[in-house]
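*Asks:* What follows is each chain in one-letter form.
Protein chains: 2
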Amino acid sequence: MTLVSDPRLAQLPTPALILDEARMLRNIGRLARRIEAKGVSLRPHLKTAKSVDIAKLLLTGGRGPATVSTLGEAEAFAAAGVLDMIYAVGVAPRKLDRIAAIRARGCDLAVLVDSAAQAHAVAEASTRHGGAIPALIEIDCDGHRSGLKPTDPAVVEIGTILNRGDAELRGVLTHAGGSYGVVGAEAHARFAESERAAAVAGAEALRAAGLPCPVVSIGSSPTAHAVDGLDGVTEVRAGVYVFFDLVQAGLGVCAVENIALSVLTTVIGHQREKGWAIVDAGWMALSQDRGTRGQTLDQGYGLVCDGLGKPYPDLIVASTNQEHGIVAPRPGSDASVPDWPVGTLLRVLPNHACSVAAQFDHYEVVPSEPDAPLKVWPRVSGW
Amino acid sequence: MTLVSDPRLAQLPTPALILDEARMLRNIGRLARRIEAKGVSLRPHLKTAKSVDIAKLLLTGGRGPATVSTLGEAEAFAAAGVLDMIYAVGVAPRKLDRIAAIRARGCDLAVLVDSAAQAHAVAEASTRHGGAIPALIEIDCDGHRSGLKPTDPAVVEIGTILNRGDAELRGVLTHAGGSYGVVGAEAHARFAESERAAAVAGAEALRAAGLPCPVVSIGSSPTAHAVDGLDGVTEVRAGVYVFFDLVQAGLGVCAVENIALSVLTTVIGHQREKGWAIVDAGWMALSQDRGTRGQTLDQGYGLVCDGLGKPYPDLIVASTNQEHGIVAPRPGSDASVPDWPVGTLLRVLPNHACSVAAQFDHYEVVPSEPDAPLKVWPRVSGW
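Order-wise, the sequence lines are chains A and B. 8 is the number of the first residue of the first sequence in the numbering used here; add one for each residue after it. 8 is the number of the first residue of the second sequence in the numbering used here; add one for each residue after it.
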């Protein structure tokens, strides 16, 4: 048997988080061109990459627009020169002082609300800090999580609170989390249309009440890659497409060959009677995200590849402990685990790029040029 | 309704990782006394706490013996003065130089092997570095993961390799991961006896071949709290008992009231038609560990408590996204989610302390003295 590996990876401690720069750049370009052609703005979600280096490649001029999921991200990206962000998690009143401090440094950070209590808190903080903290109203397009139905009278009630005094009503925002429950571009296009219709209905309710609604923001990685008509929408958000992952491949949004992220791991043993190999990537490295569990092809804790990143189609990480992974054939397959020598390097493609990347504090970036050295890109963590 | 919270927590950003020092000290004392009374050594596993501050409370004189799961832990704890550690994950040959470097700084770090290939690599590295890297042979007592059956001729083969030249055969080690599949002290005592019997059989096989076996190491949190006879065993290992968690409570190893770790979170909204509250602890804070899924009481992504840590017996985090948690009544219960104002602080008890703690870079430690300020204890991360 051959021990194949990229020589640049051979000296890394394992487990390590490997990023294929060429694949990432293709993924970034694919969605950027798609959304640009539709004449609306793309507002990438930085919660997947959490990297200043990647934000510079992802955002127009490295400045925005962008979406974030924590104030830790907002602070790091604001410090790196990102000037336009939405913090797309319903805001807790106690966070508003910290948000005002980020805004005071010149970054247009907007927040998200779906209750009058939050709107009052935002209005009060805007007055107290002597400048608006712009807020969007979260619209619920699919019953998945947070937000208000566009016909809920609370939309106009909140809009009215945010249109007084020092506050600023920035617009509406929705996210079709339910798009992860259906497969294929046609089904995702239907969720995209639900996003569009709900967000536009929310915007129209505000405008009918004489309120402004400059921003109409929709998006998820599945819907952004399938959306057709965008009438009334001003921007599209998406995050995980930067790397893609097995969940997205299972949804038909990408091919396995587009996945830019993998975990480098070392074979540390075998249980030959059981047909297992043991590797040094457990859930601490792979996370416990089992996002493909409900999909047609359950990938366990990840799909196993050789050291160069070529998948073994039927070998998965079947179970994990903290620092142990058990590699086994996919149930029902007649594949078997090769007799890899102890020390063999493998790579594991992630179920969910956001979860797996979050287990590491940096990326080992494999540049497009075959002879260029690896680059180290740190990740932002915490809140 | 009353908004109860420890005033010391009220100013923390959320989500935050809260450690109740008094509960932790009781948990530490309980097992220390139990194992000491049996006349063997306790070798705590530091992979749960990953904290130098906690290691000092946990280890005899802060120096050891201890168990670690990564070389990152080994380096951090060696630098903090821990002098005796076992790296209890089968060793990859490429890691031996780094291990030798830790040993060269005066820490007796031993490794684990279950193949002749690893033993040869350890022997070769011992020669190359001019000093033994002591190794234990991993014994499989329950078919759970790694290791050799004690009757496997490879045990003596490996022992022989490790007893030559510059190498050092330190002993045998086993772990009954299968003990997590059974409930109650009686069942755990049976797994403890399997651990003991398998480890001692491995040791006897080595000794019968004229090989030394000074260390006979067994343990898991469930078996360590149930083990009765320890004939032939020299040390017991356990890790998660320092904090305990809902999995251990479900196994009957502790009570919910013993759990020392919780995630502080803020209510950011409601979906009243669905009976949900939305909180700012998603899987990034709670991890995706669903360790109670197969237990009698499925705790979702964690059991919800008020701000003082008192559980709502039937409210769980029913689902999570990256930075959103959905609080809902346990299926089948007639509980309902209170109409908590946005901004209310709650605490969530973890399914699995190791997984949840790993999502944070430090503990916010609530001291035993009611008026003492919070302490910040950093965590070790990475590999």
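Source of the hints: derived by calculation from the structure; they are not laboratory data. Certain hints may be false.
For identical chains, the list gives no copy identity; a pair is met inside one copy or between any two copies.
Simulated crosslink set (SDA-like; lysine to any residue; CA at most 25 Å straight-line) [stated by the list, open to error]: (1) K382 / P219; (2) K382 / G68; (3) K156 / E280; (4) K281 / R152; (5) K382 / D104; (6) K45 / E131; (7) K382 / R300; (8) K382 / G79; (9) K45 / L90; (10) K281 / T158; (11) K156 / Q18; (12) K156 / W347; (13) K63 / R171; (14) K156 / G69; (15) K63 / T167; (16) K63 / V190; (17) K63 / G259.
*Asks:* In ascending order, which of the hints set out earlier in this document are inconsistent with the structure?
*Replies:* Those not satisfied are hints 1, 6, 7, 11, 13, 14, 15, 16, 17.
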